[in-house]
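Chemist: Given the coordinates of chain A, assemble chains B and C onto it according to the supplied hints.
Residues per chain are reported as follows:
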Amino acid sequence: MKKYYSVIFGAMIGLSAMSIHAKTYILTDTENGVEVGNWKTTGQNYTIEQKVLHGGKQEGSKVITITSPTGLTIALSPTRGMGLLHAEGKGVRLGWNSPVKEVVNPAYINLESRNGLGWLEGFNEMIVRCGYEWTGHPTTIDGQIYSLHGKAQNTPASYVAVEVDDKPPFAIHVKGLIKESTFKKADLQTMTQLTYVPGDSSFKLHDVLTNHADYAHDYQIIYHSNFSQPILEEGAKFIAPVSEVSPFNDYAKKGLKDWQSYLGPTKDFDEMVFNLKPLADQNGNTIAALLNKDSSKGVAIEFNTQQLPVLTLWKNTDTLKQGYVTGIEPGTSYAYPVNIEREQKRVKQLAPGQSVNFDLTYSLLSDRSQIEKVEKKVSQIQGNQLIKQVETPIAKE
Amino acid sequence: MKKYYSVIFGAMIGLSAMSIHAKTYILTDTENGVEVGNWKTTGQNYTIEQKVLHGGKQEGSKVITITSPTGLTIALSPTRGMGLLHAEGKGVRLGWNSPVKEVVNPAYINLESRNGLGWLEGFNEMIVRCGYEWTGHPTTIDGQIYSLHGKAQNTPASYVAVEVDDKPPFAIHVKGLIKESTFKKADLQTMTQLTYVPGDSSFKLHDVLTNHADYAHDYQIIYHSNFSQPILEEGAKFIAPVSEVSPFNDYAKKGLKDWQSYLGPTKDFDEMVFNLKPLADQNGNTIAALLNKDSSKGVAIEFNTQQLPVLTLWKNTDTLKQGYVTGIEPGTSYAYPVNIEREQKRVKQLAPGQSVNFDLTYSLLSDRSQIEKVEKKVSQIQGNQLIKQVETPIAKE
Amino acid sequence: MKKYYSVIFGAMIGLSAMSIHAKTYILTDTENGVEVGNWKTTGQNYTIEQKVLHGGKQEGSKVITITSPTGLTIALSPTRGMGLLHAEGKGVRLGWNSPVKEVVNPAYINLESRNGLGWLEGFNEMIVRCGYEWTGHPTTIDGQIYSLHGKAQNTPASYVAVEVDDKPPFAIHVKGLIKESTFKKADLQTMTQLTYVPGDSSFKLHDVLTNHADYAHDYQIIYHSNFSQPILEEGAKFIAPVSEVSPFNDYAKKGLKDWQSYLGPTKDFDEMVFNLKPLADQNGNTIAALLNKDSSKGVAIEFNTQQLPVLTLWKNTDTLKQGYVTGIEPGTSYAYPVNIEREQKRVKQLAPGQSVNFDLTYSLLSDRSQIEKVEKKVSQIQGNQLIKQVETPIAKE
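Quick mapping for you: the protein sequence lines, in order, are chains A, B and C. If you use my numbering, the first sequence corresponds to residues 1 to 397, in order. If you use my numbering, the second sequence corresponds to residues 1 to 397, in order. If you use my numbering, the third sequence corresponds to residues 1 to 397, in order.
Treat the hints as calculated values from the structure; they're not laboratory data. For clarity, every value in this text was computed on a predicted model and none was experimentally measured. Mixed in with the good hints, there may be bad ones.
Under the rule of at most 30 Å between Cα atoms (straight-line distance), these lysine-lysine pairs were calculated in the BS3-like manner [as the list claims (entries may be wrong)]:
hint, chain 1, residue 1, chain 2, residue 2
1, C, 185, A, 267
2, C, 185, A, 396
3, A, 237, C, 185
4, A, 184, B, 293
5, B, 257, A, 184
6, B, 321, B, 253
7, A, 373, A, 277
8, A, 90, A, 51
9, A, 184, B, 321
10, C, 348, C, 388
11, B, 101, A, 184
12, B, 345, B, 253
13, C, 348, C, 396
14, A, 167, A, 204
15, B, 184, B, 345
16, B, 396, A, 184
17, C, 184, A, 51
18, C, 293, C, 90
19, A, 348, B, 321
20, C, 321, C, 51
21, A, 388, A, 293
22, A, 167, A, 40
23, B, 321, A, 345
24, C, 348, A, 321
With the rest of the complex left out, here is chain A:
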């Protein structure tokens, strides 16, 4: 579906202390009947563009791309739950190559197909919010399929706005509201926000999940953050301050001793998953990073363990066509099905009206000095604490 709306809402409006003055472009607003299709704005060091895609299963999918010639190019899709498709800069691409090439419109996805694995028919993003009503591997409880990684990623945004601050550093904010609202079941609404300062090599996510219902509601979230070449390669390393690592399942046991290093593309590798207990500084801040073999390139994720207490490492170093990719996944939960996560007390709850924030910073690392800084942070937080290697999976699916 192509949109021909040409009215752009730009105004100097007071919003908050954070962005007293900003130009705001509302691209989607279901409540007020606003919808913008193909759209573009250009500033001194950036362009921001929305395109509506067509053909195949991407018919009608929208993609917003921020391009900063001296910094990053970042693409995200309002139609796919504000998921981030990829980012690029300094000759390094963040993201991966899935056999799924299109930005699949959720209208063409049946999450419950393949016994709850329908999500895989659209999965090709760099960052997927796996949640919030549930997450993890699929399971069927009382006849209901809890499909893989929940529904947020396959929910088109109900409100999308681009804000550009008019004071240095002229940050760009892309907001998108994902509503998981079902009569009698849930009213979890997440106002996602991507913030990017043109020229920078990092970007931030600030997501606010609010329980709009009059009843407490469980929530789970995994920030499924996926990277491949040129950072991922044989000899690439994962670093993070952690107190414990354990294999997700029996298959991962054999990879336990090498859990921090990567193979090149490896036929029949499939995936090995490790559950990590991240350490953090006194404020809960921590960092995890993927570095290439010679530590010349990398990507770091800063997050807070008070918001996201656990960390999953997904090593999918299969062949290039099958998907050579690793996931660094801060979350409230590991990837076990919701019933196991609940038993093991990792499912959180929001009181009526309560909100919870998730803040993550993703940084593209393109030289040794940046990488040394990250390594230093990791070792500072790790301190003298040894990493306990637990041999036995903490749960069985």
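Modeler: This is chains B and C only, laid out in the frame that chain A set:
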């Protein structure tokens, strides 16, 4: 999806004795390749407008709104099975507030999700046709999920036309064809019709369900008619001539003695459902109404028990955000799953080519005299007959 | 959804030895952001037109129609997996009348509904590609529903191009790419091609299925080719050189002795299916045909048993409204569920990167001489070999 068709089909055509002369605007006609997007027409005491919605899960959903300044404003959605969203007039709103705010395009609904409760992801209407292939609570028979309340409401209309009579009282008719046509399974087609005379405070539904197949086919229908504030409130009353009331399930037993009065918004109330056997006059005509506490406002539904022999009362007086709402639901069936309804002989059948009509009149009551008339009708039909209170549910899900 | 793209890509480009010079119109290209909506081109003896349909469940479906005044009119739908809707010429219509009248957009189809029979909610085509990830009757294995006849037909094409050769015989080629690409599951891509020479009464399919994955993958395909009146009638005949016929199930046993002749529309007939083992010439080429009673009209399908080794005959001579139709279905598999086909070794496999071709020629036969040629081919291939009638179905669902 936005439509740019601008050709409106208006003509003086002979249709039937009922509307010898009428202006006809065909908004959708899949057979003849007619599709109108945003559209508006204005008459002496009305405007009729179709808008295509965008964003979120309402992408592409169409809404037709009839506005009569001295009467009612009525909104319905061709994309959602010609369901009526809400009506408003004399300072009274008919309808309710669901946590689902968007007019969800069925392309984004999986009716079979949540073990057959996917319907709840789109449910926010004042009047939903629950049918016709099946209705009621979900069940799985021989591996097939009979999802909650059937498919008609999540079927976009194949033909939509607005007719305006050119003779007094210049009635407006909105027709919409809902096809439940599946190779080897069913060819049930329902030509729905909403009739509204500008200035009036009531509107009529006249639906004709036809079995276009060469085989007899079962059908079920519940007119799920839902109301909330300002009529629904603590002390509001339900009145209708009935011979019997029974609780739908064990939970409703405790509400049996107060079945005709309502609580205010009540945390943890969830829903109580009562099965009613309506009484009718000699022609089968009857009436049911919801009145506010001081009997100054209300809504009445007239229907015919030869067409719709049973009546379900759905009391969902939970909190405002959860959905404070009551459903007055004339039907061929109660809300039990289709297998129970079949066992208890409430599933009807249509012979090949046979049609059946459903006629309902909804009236907004905004003063004491109107309400007294309704109360009088109810007591005239009730006469001396006592209402039998059956303590035990007639079926167990 | 209506498209307003008006840029048509026409160019003289070198493609292959087969079509050194051709005009190419790219109508859809997801990779390069090309999408054409309503579109038309006209040549000396043809017009080719694409229309975007609207309303009901066909909202956004595209149909390409080739019209050759002295030959055939052929309609196919990129939105429905390049399926061929119908063809027409010499006063004969190829195709059938399903109770499903719309060209249903797969966004409105849930293949898993009705216990895996959701496909029936869109089925009305003359030629459906049933595959390729799986085909056959539905079954549930380890919780996964293998829905009826696979997903290709309900997958919108990712690339669609019309090519017109600029040398005699000025053949028209309609190409469409159907991607069955799911992370971790499959990357089967089929470049379908319809070739039609204006004025002719036959058309060709040339489909190339490629396994783009790094792992071997099973595939199955049935070319579900469906015909009705005026060819199908009481006394119509099916002819093909075969070595063996067996009933698909117990119900078909009673039709075994009359397996080559047809009834008129017959209430309660439902469907009888026969499994055939086709004979072929030394190159694997064979032919099957449906002829009307007096052998004045017919339709023939030429195919190759090295590509498509088995043949299913689907006799659905039920009433006209229910669907009076027969399917002549060359395939790699019979219509049993995938687990039975696998047990019986009819599921094929493609190595990584491997391709397989499927070539079929469909001919409308409108006079005795054409029919005699077909009859002669059939009897030449059959030779002296008797047709073995196996009484017992080779498998039980």
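Chemist: Hint by hint, where does the structure go against what was stated? Just the numbers, ascending.
Modeler: none
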